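Number of protein chains: 2
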Amino acid sequence: MSDALRQTDKTTISRHSERATYDREVACAILDEGLVAHVGVSTPNGVIVIPMTYARLDDELVIHGAVASRWLNNIDDSLPISICVTLLDGLVLARSAFSHSMNYRSVVAYGTARLLKDKAEKQAAFKALVDHMLPGRWTDCKQPDDKEIAATTVLAMKLDEASVKIRSGPPKDAEKDMDQPYWAGVIPLGIAVGTPQVDPAYDGDAGVPEYASNYSRG
Amino acid sequence: MSDALRQTDKTTISRHSERATYDREVACAILDEGLVAHVGVSTPNGVIVIPMTYARLDDELVIHGAVASRWLNNIDDSLPISICVTLLDGLVLARSAFSHSMNYRSVVAYGTARLLKDKAEKQAAFKALVDHMLPGRWTDCKQPDDKEIAATTVLAMKLDEASVKIRSGPPKDAEKDMDQPYWAGVIPLGIAVGTPQVDPAYDGDAGVPEYASNYSRG
Chain A
1 MSDALRQTDK TTISRHSERA TYDREVACAI LDEGLVAHVG VSTPNGVIVI
51 PMTYARLDDE LVIHGAVASR WLNNIDDSLP ISICVTLLDG LVLARSAFSH
101 SMNYRSVVAY GTARLLKDKA EKQAAFKALV DHMLPGRWTD CKQPDDKEIA
151 ATTVLAMKLD EASVKIRSGP PKDAEKDMDQ PYWAGVIPLG IAVGTPQVDP
201 AYDGDAGVPE YASNYSRG
Chain B
1 MSDALRQTDK TTISRHSERA TYDREVACAI LDEGLVAHVG VSTPNGVIVI
51 PMTYARLDDE LVIHGAVASR WLNNIDDSLP ISICVTLLDG LVLARSAFSH
101 SMNYRSVVAY GTARLLKDKA EKQAAFKALV DHMLPGRWTD CKQPDDKEIA
151 ATTVLAMKLD EASVKIRSGP PKDAEKDMDQ PYWAGVIPLG IAVGTPQVDP
201 AYDGDAGVPE YASNYSRG
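First to last, the sequence lines map onto chains A and B. Residue numbering for the first sequence follows my numbering, beginning at 1 and increasing consecutively. Residue numbering for the second sequence follows my numbering, beginning at 1 and increasing consecutively.
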């Protein structure tokens with residue numbers, strides 16, 4: 001697998017190209033940290049964008065849904081999709097409204113969806129999906145049985161034609177605005193994790209597992 | 001403006017329809033809380049999904065970018081787009097891997113982009129964009145001048161054909177899995193706000209404004 005993502009007409013970033021990178025390792029770190037992907041697909045009725053859970057499995061991204069899902073149920077092996085994962089790191093308050101921005105790290109990837117048919121391959125994807133969300137959980141929950149595997153559509157897309165865009169650091173006002181009197185700086189943002197809430201219907205005697213009580217992201 | 005979003009073939013939610021709503025007020029609350037929209041557009045090269053800041057201005061969503069931006073620069077008034085805003089509220093740990101989920105609130109909206117040409121209308125959009133990100137900031141920063149207004153493309157899309165999907169509450173395992181021994185519950189997630197960091201280049205004497213030091217979201 002190449003160290004670089006494939007730079008094409010579509011992935012070449014024209015605006016703020018100083019924020020762009022095509023480094024696979026950087027992309028993988030962002031993808032491994034994110035929790036929600038936004039998946040775009042063209043339909044006869046126009047483009048749709050749907051939030052989905054996802055995971056990276058080596059050099060592929062996997063997404064899944066119910067077999068009965070409307071937009072998944074006409075999949076063949078050549079559905080072109082776009083997958084975007086965005087991590088929001090902060091609000092950037094410049095002196096000028098014009099230079100306001102956000103600090104973020106995002107990956108936009110393009111490809112065609114491959115439908116997983118092999119049972120073992122689907123199980124590997126489920127493991128990746130659960131452990132992506134919550135490392136350690138896969139071996140501490142009931143794993144999918146044949147019926148559940150059959151009821152789930154899993155798609156994989158090669159991480160190949162993709163780009164990364166990152167903005168970080170303080171505001172960058174134009175020189176002419178540097179003497180404006182307004183406070184300038186960054187408000188950092190991240191993921192807040194609350195105290196795990198046990199299912200009211202849970203009547204077992206296991207305490208909150210460590211991977212849940214110590215959960216953090218980013 | 002109707003109290004209900006327009007339910008069409010495209011916005012009718014087929015999976016987990018109990019999670020769907022078409023209530024405009026619920027949609028607006030989600031849109032007003034979110035910070036990043038994922039915007040999908042069909043191009044001759046296929047679908048692309050891009051993270052963007054946005055704001056709601058009455059019954060329209062506004063997005064913006066540099067006039068020089070590649071995907072914005074061929075806009076006419078009939079570009080079909082899809083805008084998705086997702087708020088992540090928690091990880092749902094069920095007894096079975098199959099029933100793992102996330103708690104979330106999302107809006108998916110469809111429409112055609114309208115290019116704003118009127119200067120006053122563009123200024124109103126800039127105000128909405130800045131105050132959406134950080135209420136109170138617009139009157140405490142340098143407002144856009146004619147050159148900056150001309151350099152910015154602003155698109156508006158009517159909030160009309162759209163749907164809301166919400167999952168909340170504890171896991172919902174199948175009856176057959178309720179006696180599985182694994183801990184089940186929810187890890188709540190939200191937005192963590194850090195301490196504002198002043199721009200190292202700032203040499204004014206204004207302290208951190210209250211709207212920044214007291215910032216919270218959700």
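Since the hints were derived computationally from the structure, they do not count as laboratory data. Keep in mind that this is a model prediction, so the values were computed, not measured. Hints may contain errors.
[Claimed, not checked] Below are the BS3-like pairs computed for lysine-lysine, each with C-alpha atoms no more than 27 Å apart in a straight line:
{"no.": "1", "chain 1": "B", "residue 1": "K158", "chain 2": "B", "residue 2": "K10"}
{"no.": "2", "chain 1": "A", "residue 1": "K117", "chain 2": "A", "residue 2": "K147"}
{"no.": "3", "chain 1": "A", "residue 1": "K147", "chain 2": "A", "residue 2": "K119"}
{"no.": "4", "chain 1": "A", "residue 1": "K119", "chain 2": "A", "residue 2": "K165"}
{"no.": "5", "chain 1": "B", "residue 1": "K127", "chain 2": "A", "residue 2": "K176"}
{"no.": "6", "chain 1": "B", "residue 1": "K158", "chain 2": "A", "residue 2": "K127"}
{"no.": "7", "chain 1": "B", "residue 1": "K172", "chain 2": "A", "residue 2": "K176"}
{"no.": "8", "chain 1": "A", "residue 1": "K172", "chain 2": "B", "residue 2": "K172"}
{"no.": "9", "chain 1": "A", "residue 1": "K127", "chain 2": "A", "residue 2": "K147"}
{"no.": "10", "chain 1": "A", "residue 1": "K158", "chain 2": "A", "residue 2": "K127"}
{"no.": "11", "chain 1": "A", "residue 1": "K142", "chain 2": "B", "residue 2": "K172"}
{"no.": "12", "chain 1": "B", "residue 1": "K10", "chain 2": "B", "residue 2": "K142"}
{"no.": "13", "chain 1": "A", "residue 1": "K142", "chain 2": "A", "residue 2": "K119"}
{"no.": "14", "chain 1": "B", "residue 1": "K176", "chain 2": "A", "residue 2": "K117"}
{"no.": "15", "chain 1": "B", "residue 1": "K147", "chain 2": "A", "residue 2": "K127"}
{"no.": "16", "chain 1": "A", "residue 1": "K10", "chain 2": "A", "residue 2": "K142"}
{"no.": "17", "chain 1": "B", "residue 1": "K176", "chain 2": "A", "residue 2": "K147"}
{"no.": "18", "chain 1": "B", "residue 1": "K176", "chain 2": "B", "residue 2": "K158"}
{"no.": "19", "chain 1": "A", "residue 1": "K158", "chain 2": "A", "residue 2": "K10"}
{"no.": "20", "chain 1": "B", "residue 1": "K176", "chain 2": "A", "residue 2": "K176"}
{"no.": "21", "chain 1": "B", "residue 1": "K119", "chain 2": "B", "residue 2": "K142"}
{"no.": "22", "chain 1": "B", "residue 1": "K158", "chain 2": "A", "residue 2": "K172"}
{"no.": "23", "chain 1": "A", "residue 1": "K176", "chain 2": "B", "residue 2": "K10"}
{"no.": "24", "chain 1": "A", "residue 1": "K172", "chain 2": "B", "residue 2": "K10"}
{"no.": "25", "chain 1": "B", "residue 1": "K142", "chain 2": "B", "residue 2": "K127"}
{"no.": "26", "chain 1": "A", "residue 1": "K117", "chain 2": "A", "residue 2": "K165"}
{"no.": "27", "chain 1": "A", "residue 1": "K172", "chain 2": "B", "residue 2": "K127"}
{"no.": "28", "chain 1": "A", "residue 1": "K119", "chain 2": "B", "residue 2": "K176"}
{"no.": "29", "chain 1": "A", "residue 1": "K119", "chain 2": "B", "residue 2": "K172"}
{"no.": "30", "chain 1": "B", "residue 1": "K176", "chain 2": "A", "residue 2": "K165"}
{"no.": "31", "chain 1": "B", "residue 1": "K142", "chain 2": "A", "residue 2": "K176"}
{"no.": "32", "chain 1": "A", "residue 1": "K127", "chain 2": "B", "residue 2": "K172"}
{"no.": "33", "chain 1": "A", "residue 1": "K147", "chain 2": "B", "residue 2": "K147"}
{"no.": "34", "chain 1": "B", "residue 1": "K165", "chain 2": "B", "residue 2": "K117"}
{"no.": "35", "chain 1": "B", "residue 1": "K176", "chain 2": "A", "residue 2": "K142"}
{"no.": "36", "chain 1": "B", "residue 1": "K117", "chain 2": "B", "residue 2": "K158"}
[Unchecked claim] Sample of chain A residues at the chain B side, in silico, Cβ under 7 Å:
{"no.": "37", "residue": "R15"}
{"no.": "38", "residue": "C28"}
{"no.": "39", "residue": "P44"}
{"no.": "40", "residue": "G46"}
All C-beta atoms, glycine included, are put in the ideal place defined by N, C-alpha and C.
Worksheet entry | Which numbered hints fail | 4, 6, 7, 8, 12, 15, 16, 18, 20, 22, 23, 24, 26, 30, 33, 34, 38, 39
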